[in-house]
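Trainee: If you want the building blocks of each chain, they are given just below.
Protein chains: 2
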Amino acid sequence: MTEPRRFRLAACQLGPIQKAESREAVVARLLAMLEQAHGEGATLAVFPELALTTFFPRWYMEDQAEVDGWFERDMPNPPTQPLFDRAKQLGVGFTFGYAELTPEGRHFNTSILVDRQGAIVGKYRKIHLPGHAEYDDARAFQHLEKRYFEPGDFGFPVWRTMGGLMGMCICNDRRWPEAWRVMGLQGVELVMLGYNTPSVNSQKSEEGLEDRLFHNRLSVQAGCYQNATWGVAVAKAGDEDGHPLIGGSLIVDPNGKIVAEAATEADEVLVADIDLDACTFGKTTIFDFARHRRPEHYGRIVNQVGAEPPAR
Amino acid sequence: MTEPRRFRLAACQLGPIQKAESREAVVARLLAMLEQAHGEGATLAVFPELALTTFFPRWYMEDQAEVDGWFERDMPNPPTQPLFDRAKQLGVGFTFGYAELTPEGRHFNTSILVDRQGAIVGKYRKIHLPGHAEYDDARAFQHLEKRYFEPGDFGFPVWRTMGGLMGMCICNDRRWPEAWRVMGLQGVELVMLGYNTPSVNSQKSEEGLEDRLFHNRLSVQAGCYQNATWGVAVAKAGDEDGHPLIGGSLIVDPNGKIVAEAATEADEVLVADIDLDACTFGKTTIFDFARHRRPEHYGRIVNQVGAEPPAR
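Heads up: the protein sequence lines correspond to chains A and B, in order. Position one of the first sequence corresponds to residue -11 (my numbering), numbered consecutively onward. Position one of the second sequence corresponds to residue -11 (my numbering), numbered consecutively onward.
Isolated chain A, as found in the complex (with noise of 0.2 Å):
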């Protein structure tokens, strides 16, 4: 099947979800943003990172059975069912983050991509878990998405699916620029994010909102103009029983150029017409990577992990 190389796409961002709440009226709410997004034309709908639960990882937990009772084992599963049957109703294909328990126990941070007919058509387990794994009192809260998940197995795949070649990575990953080329360098299109970003720098406190709003469009700007991509960044926003989050979600061109950006910390739908075709340019001129990337000098990025300053 042909799908159109242009359509409309909905980044739905999420406000808070208080821990108390339930999976089943947190889907209520992405049914309801779902609907909004098809009633605007959009036929791709992006939710963030962890949107069935709060932001469990501020909770310091010792009982695996506690932790696991964050995690899904099964996708969909009851709660989510009524967001997959609603979304292939409607021929709005779909991704959205939650925490994985596969039958081996493992634990990953995961998204996946539902395409326009309903399927399954990528999974992506977040790389770069930021934060620690073991309680932190230097911190003003904790972050321990390294105690709660394993790093994703399956690298940076980019899909052939709905029309384009599609990306998705996770929060921290936007950061990191391996993770925007190793997609660029399987042609993406389309990267699609979700996160769950503090308001506040646990480690320094003086980091507040706009720091942490500025790093979060610098980061997805240089991602999508480095690779001559679309790029959508889905928040997870709010007061979460006390402990806010960014909003900002963005939808950015394959020049770097914001096309779209939330006003609120609450749910909200914001659509942008994507033209996969506009990645063209960039990615025949100056970020042809054939002709102008040099690899023989870049070794340093698979050979080593941490910085290595020259002697002294």
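A portion of the hints provided could be inaccurate.
Only pairs whose alpha carbons sit at most 27 Å apart, straight line, appear in this in silico DSS-like list of lysine-lysine [claimed, not checked]:
hint : chain 1 : residue 1 : chain 2 : residue 2
1    : B       : 245       : B       : 76
2    : B       : 192       : B       : 134
3    : B       : 192       : B       : 76
4    : A       : 192       : B       : 76
5    : B       : 245       : A       : 245
6    : A       : 76        : A       : 192
7    : A       : 245       : B       : 111
8    : B       : 245       : B       : 7
9    : A       : 111       : A       : 134
Worth flagging that the hints you see were computed from the coordinates, not collected in a lab. Here the structure is a predicted model, which means the values were calculated and not measured.
Given chain A, put chain B in place with the hints provided.
Mentor: Coordinates of chain B only, in the frame set by chain A:
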């Protein structure tokens, strides 16, 4: 010798250099800016790419002797010796770019780094050469860097000098996150670069000055933020024989924030106070590469040159 981790940096933007202008006349302008930078307390002055001549790759030449006339066979040489002498007297380190012709007859787009004692401590040869090698009548004007230069062969070194870890790149390199990351992986604390960037895209006339300034800022700000380094990007600006170049020289902090930005397209000295220790927070938290990078998923960055989309 222990040199200070805090010092004042000068970005010495050059206005246009016309084709007929002599090296001696240009060096007199560089000397005037060096004096001004020193007068304002700066101890490191950054001059742009190809700082001794007009941006000659816009001219198509077939006579190699004519081409070689734009190159320097020695550095310092008689026209530039006064700059080296005066900087040493003043105790000001500096960097500038020039076209280098080696004893073996090789041609590079080069920049050198000179310390406060007058020693050449670093040399970088531009790796990401933009443009094309043959006359292209589809372009509004020529950009023949791939004709007149070969790609640099030194990689992206970082030097321990003048109190910190110093890196260089040139013009188009700043758009390539690989360049920044290879320096970041050596702990770089200040990236110095110059550029000659036409004010209009030769292949897309509607991409004009504002877009070009935006991409310059975006690339430098992202490179600095994502590697927790200071950066200084210095233009040769203004109208060279009817060909306009952007200004927009800037100094960026390790958070990606602009701390100084040029207001003109003429000779202009910007200064900012640099504290190299301001890099430490980013390098030890969100961009602590040793804790967060995942090179096992970055293989494409070195294993392929061009984009390789998934099979249909």
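Trainee: If a hint holds in the structure, say so; if it doesn't, say that too.
Mentor: Here is what the structure says about each hint:
Proposed proximity of residue 245/B and residue 76/B is contradicted: the alpha carbons are some 31 Å apart, above 27 Å. For the hint linking residue 192/B to residue 134/B, the alpha-carbon distance of about 20 Å falls within 27 Å, and the restraint holds. About 45 Å separates the Cα atoms of residue 192/B and residue 76/B, which puts this hinted pair outside 27 Å; it is violated. Between residue 192/A and residue 76/B the alpha-carbon distance is near 40 Å, which puts this suggested pair outside the 27 Å criterion.
Annotation: proposed proximity of residue 245/B to residue 245/A holds, straight-line Cα distance about 18 Å (limit 27 Å). About 45 Å separates the Cα atoms of residue 76/A and residue 192/A, which puts this hinted pair outside 27 Å; it is violated. In summary, the hint linking residue 245/A to residue 111/B is not supported, as the alpha carbons are separated by about 35 Å, beyond the 27 Å threshold. With a C-alpha separation of about 36 Å, the suggested pairing of residue 245/B with residue 7/B is violated against the 27 Å cut-off.
Annotation: proposed proximity of residue 111/A to residue 134/A holds, straight-line Cα distance about 20 Å (limit 27 Å).
When held up to the earlier numbered hints, the structure conflicts with 1, 3, 4, 6, 7 and 8 and fits the remainder.
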